[in-house]
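Trainee: As you go down the protein sequences, you meet chains A and B in turn. Going by this note's numbering, the first sequence opens with residue 1, and the numbers climb by one from there. Going by this note's numbering, the second sequence opens with residue 114, and the numbers climb by one from there.
I should point out that these hints are in silico values taken from the structure, not numbers from a laboratory. No experiment lies behind these values; they were computed from the predicted model shown. Incorrect hints may appear among the rest.
Derived contacts from chain A toward chain B, CB cut-off under 10 Å, selection only [stated by the list, open to error]: (1) G28; (2) A31; (3) G40; (4) Q41; (5) L43; (6) N52; (7) S58; (8) P61; (9) D63; (10) F65; (11) S66; (12) A88; (13) L91; (14) A93; (15) Y103; (16) G107.
Per the computed footprint, the stretches of chain B lying under chain A, defined by three or more beta-carbons under 8 Å from a beta-carbon of chain A, are [what the hints assert, rightly or not]: (17) 157 to 165; (18) 215 to 226.
C-beta atoms are modelled at their ideal positions from N, C-alpha and C, and glycine is treated no differently.
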Amino acid sequence: GAGVSQSPSNKVTEKGKDVELRCDPISGHTALYWYRQRLGQGLEFLIYFQGNSAPDKSGLPSDRFSAERTGESVSTLTIQRTQQEDSAVYLCASSTNRAYEQYFGPGTRLTVT
Amino acid sequence: GDSVTQMEGPVTLSEEAFLTINCTYTATGYPSLFWYVQYPGEGLQLLLKATKADDKGSNKGFEATYRKETTSFHLEKGSVQVSDSAVYFCALSDSNKAAGNKLTFGGGTRVLVKP
Numbered sequence: 001g002a003g004v005s006q007s008p009s010n011k012v013t014e015k016g017k018d019v020e021l022r023c024d025p026i027s028g029h030t031a032l033y034w035y036r037q038r039l040g041q042g043l044e045f046l047i048y049f050q051g052n053s054a055p056d057k058s059g060l061p062s063d064r065f066s067a068e069r070t071g072e073s074v075s076t077l078t079i080q081r082t083q084q085e086d087s088a089v090y091l092c093a094s095s096t097n098r099a100y101e102q103y104f105g106p107g108t109r110l111t112v113t
Numbered sequence: 114g115d116s117v118t119q120m121e122g123p124v125t126l127s128e129e130a131f132l133t134i135n136c137t138y139t140a141t142g143y144p145s146l147f148w149y150v151q152y153p154g155e156g157l158q159l160l161l162k163a164t165k166a167d168d169k170g171s172n173k174g175f176e177a178t179y180r181k182e183t184t185s186f187h188l189e190k191g192s193v194q195v196s197d198s199a200v201y202f203c204a205l206s207d208s209n210k211a212a213g214n215k216l217t218f219g220g221g222t223r224v225l226v227k228p
C-alpha cells in the first residue's frame, strides 16, 4: 500500500515568509509525528498527534511553529516568519496506535534564504 | 531528559569487513531501542528493534543487543556489502505511554563500504 507522503519535496523561501508543509500518513495510522533534521545532525522531535487527543507539542522550538491534524488524516506543519536556522529536512512519520514502528515519509527540504 | 549518543562517522570499510557502530543512551524508565537506516536518496526506515533488556534485534545480517547494565545498543554486522553504505541512526522511545512513541535519535553515523 501507499506509504507516508509529504509535500512539497523541496521548498525555498525568503526569510520572514510563512511556509506550510503537508503530511499524508498511512491510512489507518492513528499516530502522527513531525521531526526536524538539521544538516549533519540527528532528528529532533517536534510534535505528536494521537487520534483525537490533545497533541504533544513539547518539541516545538518556538511559537512560530504550529501544526494541525484533521482527525486521523492529513497534517500540516506551519512555520511563520521563517528564519535561516529553520532550514532543515522536516520528516513526518505515522504508526498504528499500539505499534512501535514508525513509518517515515521522504521529508520536505526547507531552505530559508 | 532522554538522550542517545552514537559514534561519529564517517566509517569507511572494505567489503566483507566487520562493522560495529556504538550507541549508548540515557533514559528514565525502560525505553525501547531502535536502529534506523537511511540509504542514499531514500527515506528513513526501521532496521531492527529491541523492547526489553537482553533482547536481541536482528535484520539483514545486522544485530544489536539491549544491554541495560551498560545502557548500550551497539549495532554489528559480520560481513558488510557495498549496499550497506548508508547513514545509521540509533534511537529510543519513551516508556511513558502518555508521550506516545516519540523517538529520541542519535546524531547518525555515515558508513561507506568500498568494493
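Trainee: Decide, hint by hint, whether the structure agrees.
Mentor: Status of the hints after comparison with the structure:
| no. | hint | in the structure |
| --- | --- | --- |
| 1 | G28 | 16 Å, violated |
| 2 | A31 | 6 Å, holds |
| 3 | G40 | 8 Å, holds |
| 4 | Q41 | 6 Å, holds |
| 5 | L43 | 4 Å, holds |
| 6 | N52 | 14 Å, violated |
| 7 | S58 | 8 Å, holds |
| 8 | P61 | 15 Å, violated |
| 9 | D63 | 20 Å, violated |
| 10 | F65 | 16 Å, violated |
| 11 | S66 | 18 Å, violated |
| 12 | A88 | 13 Å, violated |
| 13 | L91 | 7 Å, holds |
| 14 | A93 | 8 Å, holds |
| 15 | Y103 | 8 Å, holds |
| 16 | G107 | 7 Å, holds |
| 17 | 157 to 165 | holds (count 5) |
| 18 | 215 to 226 | holds (count 7) |
Against the hints set out earlier in the document, violations occur for numbers 1, 6, 8, 9, 10, 11, 12.
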